[in-house]
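Colleague: Given only the sequences and the hints, what does the whole structure look like? Please build it.
Chains as they are written, first to last, in this note's numbering: chain A, 32 to 158; chain B, 209 to 253; chain C, 59 to 282; chain D, 24 to 314.
Read the hints as simulated data drawn from the structure, not as lab findings.
Just so we're clear, the structure is a prediction, and the values are computed from it rather than from any experiment.
All C-beta atoms in this analysis are idealised placements derived from N, C-alpha and C, irrespective of residue type, glycine included.
Among the hints, erroneous ones may be present.
[As the list claims (entries may be wrong)] Straight-line distance between alpha carbons at most 25 Å, and here's what the computed SDA-like set of lysine to any residue pairs gives:
no.: 1; chain 1: A; residue 1: K111; chain 2: D; residue 2: D85
no.: 2; chain 1: A; residue 1: K96; chain 2: A; residue 2: K111
no.: 3; chain 1: A; residue 1: K111; chain 2: D; residue 2: A81
no.: 4; chain 1: A; residue 1: K95; chain 2: D; residue 2: E219
no.: 5; chain 1: A; residue 1: K95; chain 2: D; residue 2: Q218
no.: 6; chain 1: A; residue 1: K96; chain 2: D; residue 2: Q218
no.: 7; chain 1: C; residue 1: K71; chain 2: C; residue 2: I134
no.: 8; chain 1: A; residue 1: K95; chain 2: A; residue 2: Y50
no.: 9; chain 1: A; residue 1: K111; chain 2: A; residue 2: R88
no.: 10; chain 1: C; residue 1: K71; chain 2: C; residue 2: V265
no.: 11; chain 1: A; residue 1: K111; chain 2: B; residue 2: A225
no.: 12; chain 1: A; residue 1: K111; chain 2: D; residue 2: Q218
no.: 13; chain 1: A; residue 1: K95; chain 2: D; residue 2: V210
no.: 14; chain 1: A; residue 1: K111; chain 2: D; residue 2: P79
no.: 15; chain 1: A; residue 1: K111; chain 2: D; residue 2: T221
no.: 16; chain 1: A; residue 1: K111; chain 2: D; residue 2: W116
no.: 17; chain 1: A; residue 1: K111; chain 2: D; residue 2: P78
[Stated by the list, open to error] Which chain D residues face chain C? A few, computed with CB under 7 Å, are given here:
no.: 18; residue: V169
no.: 19; residue: I183
no.: 20; residue: I194
no.: 21; residue: R281
no.: 22; residue: A283
The primary structure of each chain is shown beneath.
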Amino acid sequence: MALIAIIVLVVVLSKNVVYFRTVSEAVAERPSDGDRRIRLAGEVVPGSVTETRNGVRFDVTDGKKTVEVVHRGDPPNLFKAGAPVVCEGRWDRGARFDSDRILIKHGSEYEPPDVDSERASAGRVAA
Amino acid sequence: MTDAGFVIAGWALTGGALGAYTIHLAVRLRRARRSLPESGAAPSR
Amino acid sequence: MSLWREAWLVAGKDLRIEARSRVILYQVLPFGVVVLLLFAFALDPSRGLLPRVAPGLFWVAVLLATLLAVSRAFAIEAQNAARDGLRLSGLDGGAVFLGKAIAITIELVVLEVVLGAGVFLLYDVEVGSVGLLVLSALAATAGVAATGTLYGVLAAGLRVRETLVPALLLPVVAPVMLGATRAWEAGLGGTPSDGWPWFGLLALFAVLYTSIGMLAFGPLLEEA
Amino acid sequence: MRRSEPGPERPGAKCREREGMNRPELLSRRFAAMIGWLAFASLATLAILGLWVAPPDAVQGDAQRLMYVHVPAAWLAYLAFGVTALASALYLWPRTRSTVWDRVAGASAELGVVFTGLTLVLGSLWGRPVWGTWWEWEARLVSTAVLFFLYVGYLALRRIPGPARAKRCAIAALVAFVDVPIVHFSVEWWRTLHQEATVFNPDLDPEIHGTMAFTLFFGVFAFTLVYVYLLNRRYMLEAMDEGREERELEQAIAERTRAAELVDVAATAASPTVGAGARAREGDPGMRSAR
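Modeller: What follows is the structure, given as structure tokens:
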């Protein structure tokens, strides 16, 4: 019984408790979202980060779509080019995203700094 | 607080919590044992 | 007697008691309305916030009222050795559970109609999809009532019942609160299609806890 | 040595509990002490491994060292609640019904609450430097908090006296356990800020590097030892408290009976029974004041 329940729960909810939206989803849903507060998740595009007077401006991408984000306030410590981020805020009247809160969404991989490049070519290093 | 500060706080907290719980259990066990009728005392409330 | 007839018998008994004593009508219902009013007072400074948080406030009010209704449903069994009567009646445990849960559901539905009207009038909300609102409310209520009945009997006959039931019940019904709130957000002003999966979750929860309750109720009633 | 029941064997005690099923402790004293020291030593080793030996993470740096306690604590919470659910099921099943299972369920649930609380606090301490927030309203965090309160409620239910307690608690434990798989799979089912499972992911392919993986697994091992040691201790306490409740009840009954006897025989003449009863009552206050 509980097992069936859990399976149905997965099917029903797999797409519905959405903590964040990917960049392409957010772009697709922009007309209906209006100025609602949403969370946008993607990677910081390297080379796009510039400091502004009261924060940073950068591009986030999910590989398909890219959006320009203007953030007010200090970004967190781990914010850097390539970092996976969740930006909280609302759409500007243009195609920009005004964010006032950035969280780092960390992945499930752990590795020491030196294997970084090695892993990229060799694939996953199983423990 | 730096990263190291968070790490040390977390580990200290882990040790503290486990230690405190162990001591808490030991105290309660001791009290329960002392109230056993074998020691001649009446059970306390 | 079939399970359903037995269940209706128990539900009818509880509802008749409520109809005569009017505790739900004169105590629980005003309590729910006062909760809604207090929220409105507390959030008044930020106008425009009320319509947005209306679904959440409505369901919190319903939940608080549910605690009272559950407490009441088992208080009536505690008087005049009524529980012994129920035990000796030879009714199936599952049927007794079902009956009590149905009675609580009906009481809560009456309560929700009044509170829903209150939200509509006080909080200035727009109704998007009436069907979604009604169905998700029914499913959520059935789930909450089933859970409440199960935990009510778990705590039945104890001196600490009044405080124990909320402590046990609130975490368990937290997912129902979430689902019902999201479904109502979708039904009030949002996109109704977002709400139907939540209705599915609520229905699932109701079925799950009704089944658990029907299985567990008999043995629990015997020992309470 | 096991403590022997004082005084004459209570009638009915044997009927209620099969001989040997009413154990005052789970492990032998020597074995329990060994586990205790081993747990302590492995925790110390874990600290050395986690704080010095394991390398800092490429992305998170030193903050990642909190994982070596956060993840084992979370796994222990699962294990503890799993044991509670299993013991509750064994208690509910008539063929295996025994107070032993009820005690194991209660003892394990309390440990589970301790470890869940620890998990939440450690996660929060980790989230602040890494995510940039102490708390987020997302599925993993919320379902874990719900888990914590579910079992706090269960512990409240356990505090009630009386013979019906065990069965009620067992049912409540089984209901509460439904949340454990939800907590674990929440990161796979829903989009959360919390990262997906590193070790027990759907592909069963741990995404963690050598020394770090070893430290993490060692952490789980060390915490498991701590759990076994504490479970045994908590079980002993549960058994003693139960025994005390029963003795208090019997003593109260005995006192009433003696009082009734006293009234009966007072009319006739003094008898040895009354003498004994009076002596026992005289002894009482003296010992209370000695405490």
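Colleague: Next, verify each hint and record whether it holds.
Modeller: Hint-by-hint comparison with the structure:
1. K111(A) x D85(D): Within the cut-off at roughly 17 Å; holds.
2. K96(A) x K111(A): Between K96(A) and K111(A) the Cα gap is close to 19 Å, so the pair holds against 25 Å.
3. K111(A) x A81(D): Since the Cα atoms of K111(A) and A81(D) sit roughly 13 Å apart, the hinted pair holds (cutoff 25 Å).
4. K95(A) x E219(D): holds (22 Å)
5. K95(A) x Q218(D): holds (22 Å)
6. K96(A) x Q218(D): Status holds; Cα separation ~23 Å.
7. K71(C) x I134(C): Distance of about 11 Å is within 25 Å: holds.
8. K95(A) x Y50(A): holds (20 Å)
9. K111(A) x R88(A): Given pair K111(A), R88(A) holds - Cα atoms ~12 Å apart, limit 25 Å.
10. K71(C) x V265(C): Holds, at about 23 Å.
11. K111(A) x A225(B): violated (36 Å)
12. K111(A) x Q218(D): holds (18 Å)
13. K95(A) x V210(D): holds (23 Å)
14. K111(A) x P79(D): holds (18 Å)
15. K111(A) x T221(D): holds (23 Å)
16. K111(A) x W116(D): violated (57 Å)
17. K111(A) x P78(D): holds (21 Å)
18. V169: holds (5 Å)
19. I183: Nearest chain C Cβ about 5 Å off; hint holds.
20. I194: holds (5 Å)
21. R281: violated (28 Å)
22. A283: Violated, about 27 Å.
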